[in-house]
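Asks: Make a model of the complete structure from these sequences and hints.
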Amino acid sequence: MRPADYRTPTIGIDSAEHVAKLLRLWQGAPGLKGFFSSVDHKEIGKRYIITAFVFLALGGIEALIMRLQLAGPNLSLLTPEQYNELFSTHGMTMIFLYASPILSGFSNYLWPLLLGSRDMAFPRLNALGYWIYVASGIFLYAGFLTGNGPNDGWFNYVPYASRDYNPGLNEDFYSLGMVFLGISTTVGAANFIVTAFRTRAPGMSINRLPIMVWGTLTASAANLIVVPAVSLAFLMLWMDRQFGTHFFDPSGGGQPLLWQHLFWIFGHPWVYAIVLPAMGMVSDGLPVFCRRPLVGYSFVALSTVATMILGFGVWVHHMFATGLPGMGLSFFSGASIVITVPSAVAVFAWLATIWLGRPVITTAFLFFSSMILLFVIGGVSGFMTASVPVDWQLTDTYFVVAHLHYVLIGINLFPVVGAGYFWFPKMSGRMLDERLGRWNFWTMFLGFNLAFLPMHLTGLFGMPRRVYTYAEGMGWDTLNLITSIGSFVFAIGVLLFFINVAKSWKGGAIAGANPWDAPTLEWSVSSPPPPYNFAIIPTVASRHPLWEQRLDEGGAVSSLDRGMLLDSGKETIGTSALDAEPDMVLEMPGDSLAPLLLALGISILFVGLLLKIWPVTVLGGAVAALALLTWLWPRRELREREPARA
Amino acid sequence: MSPLGYLDAAGTRAQTILPLTWFTLAISVLVCLIVGILLWLGVRRARSGGALETRSTAVEHGDSGLKWISVGLLISAAPLLLTLIWTMVALAAVSGPPKHPGLTLDVTAHQWWWEVHYASSQPSEVFTTANEIHIPVGVPVLVRLHGADVIHSFWVPKLSGKTDVIPGQTNLSWMQADQPGRYRGQCAEFCGFQHAYMGFEVVAESRVDFERWRDAELKPAPPPVTAAQTRGQALVQYRCGLCHQVRGTDAHAVSAPDLTHLMSRRTIAAGRLLNNPGNLAGWIEDPQGIKPGNQMPNQYLSSQQLSDAQAYLELLE
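Protein chains in written order, with this note's numbering: chain E, 40 to 685; chain F, 1072 to 1388.
If you're looking for bench data, these hints aren't it; they were derived computationally from the structure.
A few of these clues could be false.
[What the hints assert, rightly or not] With beta-carbon atoms standing in for the labels, derived distance ranges: (1) F:Leu1152 <-> E:Ile348: 16 to 26 Å; (2) E:Glu120 <-> F:Glu1356: 19 to 29 Å; (3) F:Ser1192 <-> E:Leu103: 55 to 65 Å; (4) F:Val1160 <-> E:Ala595: 51 to 61 Å; (5) E:Gly73 <-> F:Leu1145: 55 to 65 Å; (6) F:Leu1137 <-> E:Asp591: 17 to 27 Å.
[To be verified] Here are some, though not all, of the chain E residues that point toward chain F, as calculated from beta-carbon distances under 10 Å: (7) Leu296; (8) Phe328; (9) Pro332; (10) Leu368; (11) Val384; (12) Gly532; (13) Trp544; (14) Gly546; (15) Ala548; (16) Asn553; (17) Leu667; (18) Trp670; (19) Pro673; (20) Leu677.
Ideal placement from N, C-alpha and C gives every residue a C-beta, glycine not left out.
Replies: Below is the structure:
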């Protein structure tokens, strides 16, 4: 992204000639080369979504195997070692390889369309983020498939993760894989932040952003701040293991609790990072089916940011039992209770939107509205653990397992599947089947609650977490059997979603540009959108450009069919951060193999580090350097070689 | 009820927390019910349909709805504030270790068993046992927690919440039983293969019973009487003695539970099995089958050796 020149873009209206010109400029190459070099945010977004769902399926299968083992007391389907690798890999998969990337996928696909832009601010960085995600996912799973998966939980506490107690490659795969994946998260976050602040349509001032943009923006800012902490922690662990640095080793003067601080200062904000964008999906999707604007837009937007800020100050609630002094605990306990307030704002806003609107039940609506209840259940159980003395009993029992699944499935997966029903027509041009959708929803909803609602009781009856089996006579047998049955019902529900997608991709009813009569910019373009998104850069005058004739939002009129043409190159408009005043013409890079090559180089580098074969590491570094050189080589069409003169 | 459940309590510390647990639980259930009912009533007004129905329903600005947020927050403030205050009060009441403990224990958590050391200013009252903790009723007991390897967590739900056992630092926990009884304890932090079965028992008993037990524990192992016991003792010394201790014999190692008074304990294998002759023999023969991955290797004894060893071990009352 570079300022081209300070010319005044031509204003005009759409025409066949104009569209043909744009197509020539924006259409990706066909075939394999086009596939590997694409920097189109829609293409990358879809890849993120598909890859994340593949990981969801893998993590789900792992969960089902564990639920078979736990269906009754003292079963021996799995050895303790297999169980430990399974539960660790399940956590890693769902938290790092599904929950966050799926939201990146939706945001990648949707953001430029929501914002009235032709692509993300840094398209090549966007492609790099995806390739690194895939490569690090394969890296992490290579460990699991060779019997070297993580075996100390996703939280990976030392000293169990240290070489003394964990001599295999398991923890090396996990440590390096997490540093590797951190690159993807970091570049993605930087891209989202700049995109949100600099590439909105003229007139889309900061108070007109869709809430999902607020969610992802907030999450991205948090990621930029906290991912370095966890990358550092994993790097230190790897150095402890391979070079005897003793950062975490008490016998060498190190400190096991240091790991927990570094991990949770990342881990807790991360939980918000993987739910805030999904809450945004609900805030944007639900009102469409309630046929009115969201209640309390400003409060919901502010509460999104407030949640994150408070979220930085609650990490110690994962460590209440570690023997920290009471004074410190009481501060974090208070912060953890207070953080329910901004969440409550969102809940009341959603409820009011349903009550004050004219709701129409669609499958998407069912997923979005049921999420409110699941969110509250996951929220209040979190509130219970915020109280230190209560947490001393609750922590590390199945109560917390129930809590975190209500949070992650309730606030991430349910909105995501709802978003699938809502935005699939935009992505594919076809509707998902509504009838199958109802089956999909009810199977997921009932299966999920059957599995996880009784699990609170399992926890209150004292069943500890992360156990490969349990004794009979503890009062847990029936509850565990119910949970196992529920988890299979739930899995069938998720499968129905995949079936619906597969069935409707080619065979669904034709959607048209705006099947739901929704108010935001993505619905103003065809389904699926053309490669350049908007033939004319829209000018936005309200929060609901497609509803404004009906809503009377101050009589403002957005201009969607007359505006900047920007067709003298691959261009989009850069706008000012708060008011979205047009600022500069942005020259966008074309398709490029450099991101893939760079990801490949970094992958080789990490394989070299893992096996400690230094020539391989050097080779990987060299490939990466070459890719960077290609990437950064100045190009005339990006106005990087000489001053722009007409 | 369930042995590890914490919705009932038998000790001061757990008892102090219990009403707060019930209070927050009740508030939580109530909130879920209110939201669930509001949601149900709201959605009940909805018309069923799909895209067509959605499109054909008119869009309206409607009421701003901000009252929902302000009233909602006002109502939520009361239970939140109450919980906050109650939490601080309860925390102050249960967090600090007792100033004048009636008994002080040094508990060391190992993969995957508990070493229990009874500290005393009288050297003659100091001894070590494993996996079964006896305490007198009505007396605050200070527990100093030491980590031998990885992180574990000390938890006796009926008496006290969890305190992690972290190598390199000494964490303090305490408990006070109000009624005599056997209370189950469990490691609550993931610690590897046998985390699931890293259990123990706390036996709360009257002062008299406790002292009788302590006096018995202080004694060394009795000498063997029969020929089988003598052979068994030799076997135990050179085989089991590599890891275990039997005070009064040549078995001095301390990397596994002290066996001096093995037969006084109700369970073996860190709470996994009841301590009876069949289980004991089964455990000696195949510990890896019963608790895969645990630190005790299978012994491959002849049936003669096994019965000798058992004859001796059963002497260790």
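Asks: Need the list of violated hint numbers for this structure, in ascending order.
Replies: 12, 13, 14, 17, 18, 19, 20
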